[in-house]
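Chains C and F, in that order, give the protein sequences. Residue numbers for the first sequence follow the UniProt record's numbering, so the first one is 1 and each next one is one higher. Residue numbers for the second sequence follow the UniProt record's numbering, so the first one is 1 and each next one is one higher.
Honestly, the hints are just simulated from the structure, not real lab data. No residue lacks a Cβ here, since even glycine has one placed at the ideal position from N, Cα and C. A hint or two may mislead.
[As the list claims (entries may be wrong)] With the C-beta cut set under 7 Å, the calculated list includes, among others, these residues of chain C facing chain F:
{"no.": "1", "residue": "A52"}
{"no.": "2", "residue": "G184"}
{"no.": "3", "residue": "A326"}
{"no.": "4", "residue": "I332"}
{"no.": "5", "residue": "D338"}
[Stated by the list, open to error] Pulled from the structure, derived: some chain F residues nowhere near chain C, Cβ distances all over 10 Å:
{"no.": "6", "residue": "A9"}
{"no.": "7", "residue": "A32"}
{"no.": "8", "residue": "D115"}
{"no.": "9", "residue": "A135"}
{"no.": "10", "residue": "G139"}
{"no.": "11", "residue": "R140"}
{"no.": "12", "residue": "S196"}
{"no.": "13", "residue": "L198"}
{"no.": "14", "residue": "E214"}
{"no.": "15", "residue": "R220"}
{"no.": "16", "residue": "E234"}
Here is what each chain is made of, one letter per residue.
There are 2 protein chains.
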Amino acid sequence: MRPTVHDIAAAAGVSLATVDRVLNLRPGVRSATREKVEQAIERIGYIRDVAAANLAKSRVYPFTFILPSGDNSFMRGLETEIRAAMRRSAVERTAISLVTVPPFDVEALERALDDARATRPAGLAVVAVDSPIVAAAVGRLHRDGIPAITLVSDLSVSTRDHFAGIDNSAAGRTAGSLMGRFLGTRPGPVVVLAGSMLVRDHRDRLAGFRAVLEADFPGRTILPVLEGHDDPAEAERLVTGAFVGHPDIAGIYSLGAGNRGLIAALKMRRTEAPVCVIAHELTAHTRSALKDGLIDAVLNQDAGHEVRSAIRVLKAKADGQAVLSAQERIRIDIFLKDNLPFDDAAPAPEGDDI
Amino acid sequence: MRPTVHDIAAAAGVSLATVDRVLNLRPGVRSATREKVEQAIERIGYIRDVAAANLAKSRVYPFTFILPSGDNSFMRGLETEIRAAMRRSAVERTAISLVTVPPFDVEALERALDDARATRPAGLAVVAVDSPIVAAAVGRLHRDGIPAITLVSDLSVSTRDHFAGIDNSAAGRTAGSLMGRFLGTRPGPVVVLAGSMLVRDHRDRLAGFRAVLEADFPGRTILPVLEGHDDPAEAERLVTGAFVGHPDIAGIYSLGAGNRGLIAALKMRRTEAPVCVIAHELTAHTRSALKDGLIDAVLNQDAGHEVRSAIRVLKAKADGQAVLSAQERIRIDIFLKDNLPFDDAAPAPEGDDI
DNA sequence: CTGTTAGCGCATTCAA
DNA sequence: TTGAATGCGCTAACAG
Numbered sequence: 001m002r003p004t005v006h007d008i009a010a011a012a013g014v015s016l017a018t019v020d021r022v023l024n025l026r027p028g029v030r031s032a033t034r035e036k037v038e039q040a041i042e043r044i045g046y047i048r049d050v051a052a053a054n055l056a057k058s059r060v061y062p063f064t065f066i067l068p069s070g071d072n073s074f075m076r077g078l079e080t081e082i083r084a085a086m087r088r089s090a091v092e093r094t095a096i097s098l099v100t101v102p103p104f105d106v107e108a109l110e111r112a113l114d115d116a117r118a119t120r121p122a123g124l125a126v127v128a129v130d131s132p133i134v135a136a137a138v139g140r141l142h143r144d145g146i147p148a149i150t151l152v153s154d155l156s157v158s159t160r161d162h163f164a165g166i167d168n169s170a171a172g173r174t175a176g177s178l179m180g181r182f183l184g185t186r187p188g189p190v191v192v193l194a195g196s197m198l199v200r201d202h203r204d205r206l207a208g209f210r211a212v213l214e215a216d217f218p219g220r221t222i223l224p225v226l227e228g229h230d231d232p233a234e235a236e237r238l239v240t241g242a243f244v245g246h247p248d249i250a251g252i253y254s255l256g257a258g259n260r261g262l263i264a265a266l267k268m269r270r271t272e273a274p275v276c277v278i279a280h281e282l283t284a285h286t287r288s289a290l291k292d293g294l295i296d297a298v299l300n301q302d303a304g305h306e307v308r309s310a311i312r313v314l315k316a317k318a319d320g321q322a323v324l325s326a327q328e329r330i331r332i333d334i335f336l337k338d339n340l341p342f343d344d345a346a347p348a349p350e351g352d353d354i
Numbered sequence: 001m002r003p004t005v006h007d008i009a010a011a012a013g014v015s016l017a018t019v020d021r022v023l024n025l026r027p028g029v030r031s032a033t034r035e036k037v038e039q040a041i042e043r044i045g046y047i048r049d050v051a052a053a054n055l056a057k058s059r060v061y062p063f064t065f066i067l068p069s070g071d072n073s074f075m076r077g078l079e080t081e082i083r084a085a086m087r088r089s090a091v092e093r094t095a096i097s098l099v100t101v102p103p104f105d106v107e108a109l110e111r112a113l114d115d116a117r118a119t120r121p122a123g124l125a126v127v128a129v130d131s132p133i134v135a136a137a138v139g140r141l142h143r144d145g146i147p148a149i150t151l152v153s154d155l156s157v158s159t160r161d162h163f164a165g166i167d168n169s170a171a172g173r174t175a176g177s178l179m180g181r182f183l184g185t186r187p188g189p190v191v192v193l194a195g196s197m198l199v200r201d202h203r204d205r206l207a208g209f210r211a212v213l214e215a216d217f218p219g220r221t222i223l224p225v226l227e228g229h230d231d232p233a234e235a236e237r238l239v240t241g242a243f244v245g246h247p248d249i250a251g252i253y254s255l256g257a258g259n260r261g262l263i264a265a266l267k268m269r270r271t272e273a274p275v276c277v278i279a280h281e282l283t284a285h286t287r288s289a290l291k292d293g294l295i296d297a298v299l300n301q302d303a304g305h306e307v308r309s310a311i312r313v314l315k316a317k318a319d320g321q322a323v324l325s326a327q328e329r330i331r332i333d334i335f336l337k338d339n340l341p342f343d344d345a346a347p348a349p350e351g352d353d354i
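Please model the complete structure; the sequences and the hints are all you need to start from.
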């Protein structure tokens, strides 16, 4: 059997309570005693049984998740995953609050962060808009000792404890590399459809995409970036306009949301010349466009993994534990029509094991 | 607070022991009593606290992992991950035994399975060679009530409880699709380098690759498959021979191991004509070849994820619990030189958080 | 400053 | 066939 608190107590010649004080860094122990106990811990190779500790504490973790409202499919998928986690709350000892704020609205986000802080959760996860105001609100959480992590989109400079999301520069580079290779020698410029330069993930993707095209595929022109604010209607208008202005477009990289509009524009297009399209996030829309050959590749981040990872990391931070970094790395999934996972065009039945 | 066994006992008007007997399907309860308790459980919505149960039982999970010996980089990486899991044993309440057997050796694998069974582990994971003999040995585990899962390579027909690995057909299709698109209009045949048709993952990849090339890229010839038995020297010889016999080769799909040999052959080649190379498994060798442009894409399965997933699933099976299927789906990672994760050319320092 | 004691939710003797 | 009592490893009152 591995050593327990009793063994420490015996080895150090003190009581359980004192051992507990040392283990949990509680005050009220003479430094000589503390040292004695610490040496005993070291000597017998004690490892705390977290499950037993949580049992004794009847620990529950109140967490708050903040994400953008609106009909962005990816964000709604993220919300679905959070709700799935809420259903697991009893088993996982969590109590999750879900808050939504208008997209790209810095002040609303700041208010939401401050309101959440007032409830003193054990941790908070937020899809960040990259602004000093938001960073300051996150800083206040940090000041109050509340672990805060960014989800999907990070802050450039902040005191957040962790980022649960993909490497967006790498995603942009990957898109660039695929675009360049898929196009081969086919002539024509490429156009980038972004959501907003206010969010860091979009900026990073753009930079990565640009860098690879310029370095590895010189001669391929990139048209001025279209900013569609993740809005399908606006995206459709912008893309349709681009086709009119540049009938020779060879490729489109959609690095934000609003892909419904992009797909509509692609369907409306009355030309035979093929366009290579790379988009982000596997949703019902991009999935069917991929199958139909309207989209060539989709880069995806697994919202379920992100939510589960966020919860694991928040728990670890709340307990001052280390995280398994390899387990928490969110992958950039690349989907072609050939490796689409199980079909969830039909929504999963209620209460299943997702 | 969520209901506990005490609440059940009170609601049913019986003692804790009786509740426990019903909960754990133990004998010695009158069916009338049993029914009373079951109704109480249903009525108050009881959910068992697995952590508390494990604490009371001082539960440890003895698991056995069986994998091929030899210098196959991927398998050694898998072993590294298993050893990392062994180091986490104290925390995760596991006791993992690691057994290696010569690759592609059906009889040795059968013996290892039977030997492992004799130790009566709580679960077993095996990198399977696809043979009825192996399937029968797995069947004996099943008969004895020992959960058994296949790892990396599955059995075609068996009573294994789970497969922890990628969808190899999809992987092959993906390779085919990438190959076809990367090559574009470049002429020339493609060659497939496999390990052995005795393992199911290799067969599945080949079938998927073939299917896509034939359907979506007709006119692209596939040369007869080279079988290198995952041996670098043999692979090098075969690939070099192919280059001599077919100087116009446009692409190579290496769907097994032995990539060191492939890379050596590529380096030796004295032609300027580009060859599109797609391989499996990110190792030190394929990583550097990817960086150098010798390999265009690497399809990878995350060995760490597979091992962690195997352990989670085995625990769940041992406890008769459900698994989060979304969490256990092993992804097909696609790496280009542009989205390589952290560099582990230098082995990670001992005892780090991997 | 330190120790005693009683749980947390569940499993498992041992009696009845 | 049923129940009372004890303990898993740890925390948290409450005394001393």
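Hint check:
no.: 1; hint: A52; in the structure: 5 Å, holds
no.: 2; hint: G184; in the structure: 4 Å, holds
no.: 3; hint: A326; in the structure: 5 Å, holds
no.: 4; hint: I332; in the structure: 6 Å, holds
no.: 5; hint: D338; in the structure: 4 Å, holds
no.: 6; hint: A9; in the structure: 19 Å, holds
no.: 7; hint: A32; in the structure: 30 Å, holds
no.: 8; hint: D115; in the structure: 27 Å, holds
no.: 9; hint: A135; in the structure: 26 Å, holds
no.: 10; hint: G139; in the structure: 26 Å, holds
no.: 11; hint: R140; in the structure: 29 Å, holds
no.: 12; hint: S196; in the structure: 24 Å, holds
no.: 13; hint: L198; in the structure: 25 Å, holds
no.: 14; hint: E214; in the structure: 13 Å, holds
no.: 15; hint: R220; in the structure: 15 Å, holds
no.: 16; hint: E234; in the structure: 29 Å, holds
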